[in-house]
Structure formats: C-alpha cells, structure tokens
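Visitor: Go ahead and model the full structure; you've got the sequences and the hints to work with.
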Amino acid sequence: MDMFPQLSLRAFAVWRRNFLVWKKLAIPSLLGNLADPMIYLFGLGYGLGGLLPQINGVSYIAFLAAGTVCASTMNAASFEALYSAFSRMHVQRTWEAIMNAPVTLEDVMAGELLWAAAKATLSGTAILVVIAVLGLVASPLALWALPVIFLTGLAFASLGLIVTALAPSYDFFMYYFTLFITPMVLLCGVFFPADQLPPLVQAVAAWLPLTHAVALVRPLLFGEIPAGIVGHVASLLAVAAIAFWIALTLIRRRLLK
Amino acid sequence: MSPLRVAALRKSYDGREVVAGLNFELQRGECYGLLGPNGAGKTTTLRCCLGLTVPDSGDITLVGEPVPARAREARMKIGVVPQFDNLDPDFTAAENLIVYGRYFGMADAAIRPKIAELLDFAGLAGKEDANIRTLSGGMKRRLTLARALVNDPELLLLDEPTTGLDPQARHLIWERLKRLQAQGKTILLTTHFMDEAERLCQRLAIIDDGRMVAEGAPRALIHQQIEPQVVEVYGEDAPGWATREAQAFSRRVEVSGETAFCYVEDAAPLLAHLAAWPNLRTLHRPANLEDVFLKLTGRELRD
Chain A
719 MDMFPQLSLR AFAVWRRNFL VWKKLAIPSL LGNLADPMIY LFGLGYGLGG
769 LLPQINGVSY IAFLAAGTVC ASTMNAASFE ALYSAFSRMH VQRTWEAIMN
819 APVTLEDVMA GELLWAAAKA TLSGTAILVV IAVLGLVASP LALWALPVIF
869 LTGLAFASLG LIVTALAPSY DFFMYYFTLF ITPMVLLCGV FFPADQLPPL
919 VQAVAAWLPL THAVALVRPL LFGEIPAGIV GHVASLLAVA AIAFWIALTL
969 IRRRLLK
Chain B
3 MSPLRVAALR KSYDGREVVA GLNFELQRGE CYGLLGPNGA GKTTTLRCCL
53 GLTVPDSGDI TLVGEPVPAR AREARMKIGV VPQFDNLDPD FTAAENLIVY
103 GRYFGMADAA IRPKIAELLD FAGLAGKEDA NIRTLSGGMK RRLTLARALV
153 NDPELLLLDE PTTGLDPQAR HLIWERLKRL QAQGKTILLT THFMDEAERL
203 CQRLAIIDDG RMVAEGAPRA LIHQQIEPQV VEVYGEDAPG WATREAQAFS
253 RRVEVSGETA FCYVEDAAPL LAHLAAWPNL RTLHRPANLE DVFLKLTGRE
303 LRD
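Heads up: the protein sequence lines correspond to chains A and B, in order. Reminder that position 56 of the first sequence reads as 774 in our numbering, one-by-one numbering, no gaps. Reminder that position 269 of the second sequence reads as 271 in our numbering, one-by-one numbering, no gaps.
Simulated from the structure, these hints should not be mistaken for laboratory data. From the three backbone atoms N, C-alpha and C, an ideal C-beta is built for every residue, glycine too.
Here chain A is said to cover these stretches of chain B; the calculated rule only asks that three of the stretch's residues, wherever they fall, bring their Cβ under 8 Å from a Cβ of chain A:
1. 51-63
2. 88-98
3. 101-113
Residues on chain B that point at chain A, a partial pick, calculated with CB under 10 Å:
4. A73
5. V82
6. T146
7. R149
8. L159
Guide: Laid out in structure tokens, this is it:
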C-alpha cells in the first residue's frame, strides 16, 4: 500500500454508490451489455462460421465465443472508466462532493477501478453463461475464466482511467476507441488466430493486454490448461497496476491543483 | 481551540499569486465571512482549508488537525456546501443523504433515523423519495445544506451558498444558517453579497488579490472605513456636477456612469445645495458594507 498511501476502505463507499445507481437500471443495463456481443457472436459465428473450416479442432463459433467474452469484458470496463467515470468526475461533479467528505482522491479512484472491473466481470460472465448454455464450453475448467475476466476488467479499467484523466470532453474518447480498442479486437485473436497476421504485427499484438486475456480464456473454455499462465497473468496485473498509478498521478494533477 | 486557523497562507498558479499571505482565525460558534470580488482567492482558500489544494506555504489547523497532513481526519467534523450543486442526480433526496453518510463511515442504520429530521430542517419534509431532477434550485441548495449536516459537523464551510437563488430561497437559507449557529455550529462562508454578509456574519474579512484588506464586525468596518452618510446623485448632469460642485460638500466622491456617490459626515448642506438642481435625483442613505467593499476593492469589473 506504500505506493498509494492515501488509500482506505472508504473506497468501498464509492463502489457502493455506483452499485446503487446501477441497481436501479440493472436489467436494461445487463441486456444492453449482452445484445451487442451476442449479435456479433451469432451473426459471425453462424453466418461466417458456416463457410469456415474448424480452427485448431473447434468450430468457428466456439472459437469466436471465447474471444467475445474477452472483448466484451474489455468494452464494458472501458465504457465505465471513460464515459461513466468522466460524467461523475466532470459533468456531475460527484467526485468533488465525495472528496469534501473524509474520502481521498485515491479512494475515489480505487472505488471507480473496482467498480468498472466488477461491471466488466458481470458483462463477461453473462456472456460466459450464455455460451455455456449453448454448449460452447467444454468443461468446468471454464470457471477459471472468471478470475481472468476480473483481471482483464481491472487492466482495461485502469487504462480507461488514464484517458479520462486527460479528456477535455466526451469527444476525446473516440480517439481511444478508434486507435486502441478497435485495433486490439482485430489484432489480439478475438475473431481469428493472431498467427494469421504478419510477424511484425504479431510482435506488436503480443504486447497488447487483450492478447493475454484471450490466451488465458480460450484454452480454459476448451477444457485445457493455458500455456504460460504466469506470464499472461503477470502481464495483465502489471498493466492494471502501472496504468492505475499513471491515472492517479494524472488525475491528481487535474483535480488537486 | 479555534475551529479553523489559517496562518501566512500562500498559493500561486502559473506564477500568479492567488492567495498572498492570508491570516485569519475563527472563534467557536461564530459566523465568519470571506468577502471578495471574483478571483480574490476565496475558493482557493477554502480548498486549501479542506486539504484539496496543497498551499505553497502557510499553516492550516482545521478542527485541531494539521491540514493537509491530516485533512481526511479533519473532514470527519466538517460540513461543506460547495459553490456548484453536486447532488447525485441518479438518487432520491433520501438516497443522497444515505450515500453521503457512508462517505463518513456511517452505517445506514445510523443515517436512516436522521433523514426525516434533516429534510425537515431543509424545508423538504416528505420529499424523501423526490427525484433530484424535479427539485428547484432553492430546494437543491437546501438539500445540499442538509447533506452537509449528515455527519453533525462542528464547522460548516459554505462557498457562495445563495448565488443564483431567488430572494425567497435566499431568506430561507439565511434563516437556517442562523438556526445552525444558534445550535452552536461555527460557520465560514464566502460571498460577494454584502447584505448576506451584513446579516449573517459576526466578523468578516474583505479579501482582494489574495490579501486581506480589512477584517472586523460589519458595523465596526463601516464605522472605521467610511463616512457615515452617502448621497447618491443620478442624472445626465451628475458626472459634470460632481467634478465641479460635489467636492465642496463631500469628503469623498466616486462617479460611476451617470451616478455620483458622495460620502459625507453630514448630508444636510449637500442636500440643500442639490435642491437647486432639479435635473438631478438624489438618494440619501446611511453607508453600508457595500460602500466599504467598493472603497477597498475598487469599482472596476473583475471577470
């Protein structure tokens, strides 16, 4: 905790505030989170998948399902840490109100981080449940995907908070989605194996956090123990911790000047 | 022990000194005002007192705790009404109070019994389930005041608490603040409404360019800083009249547009003289805090 000396359990009061807001609109929110990835999964999985051979011994839709879990988790964490957190920070001045109470900026940020990760976990898990019902999950080993989903949520929530710290307005977030999130979906093995890409692009993709999430989740859903678990988990953890530290430094500069 | 002591406070932004060596100390149970034009450093001073801005130098002791070092502990005993409404628009009035109480580490069971009383105090009895978006500006401000009381604070900090409110809403806020003071709470408020300061504050400081230019009780400041009588002279001819004639009858004359403000010990000779100027309208009144404020901070616009 030395890295974040002002952190306290008050962060959970911030988390609970966001949870209470979400609870009021839980069902529409959950359905909204499910609709978009499901359309892609069924559209591409059945439509395109019918034309494709099996990939590494599994049907295309099963291959895509694992990627969809990761991509949805990433999207949910990003949306929450960008648009929603920015509303609370800048538009509604909710953070300002909270920091007039005995809650520090570190607590607020930690609450936001854990909340965005929790919401992303819910989103990823909902998809996991749907694809399990569809019979696209091979074994109970898939339950190990849950902590990976949470970790993925943490990593992308932290990255998102950096962008929020820098954003002058909502428009700014388009850059992040266009230049970072969308390319990641295409480069990190969500729709097709990354080894289809030129070696140079593969080398870049190996550094992207979504690659590590996919590398863990896909084998788990197929009933296999992923190769290189420690490296992938460490990468996601490192992204989460370093990005959070950067976001905190930037937000401090913005709000506590 | 003073609820708030500020000593030699300094804060600069980009080389511009916003707070330039401010000293003041609140007495327990008083209402103390920080008056100043826009940009005088009032809000920055409040932010420093709360530990949300780290000053360049100076010492702040808030309810016995050094700030910013122990700002979190200090804020346990403070209630804040910010300049801009930041109630939670997704919550009802009651939820706003519960969620805010949680930030103080209060259990829901400890907050719930207080809700009716807090809303009643804010003139919002029965509005527990009201959506924030349906409340008027005055109601929101009163709910913000109720929210600031959820932790039963020793000291209330109010940043321009009645800016943007209509007269009815302002009077209700003033009445509530007086009631809180009668309950023994100490109040620090910033304002640029002189009538507000004159009504509420036992003592006040006039701040300009981050410096204190005067401090004291409102009546005493008027007495010390300015002539007791003011004659305002209006009309197209007023500026010309002021340059030629006014000096002979006034200790001090200020002209602003088509109005001349004549500050006098005794208004009778001036009023007798003005009887011969039918084109000039006059208003004779005792000097007030606004006259002091304008004398000390000037009449130029501060944007």
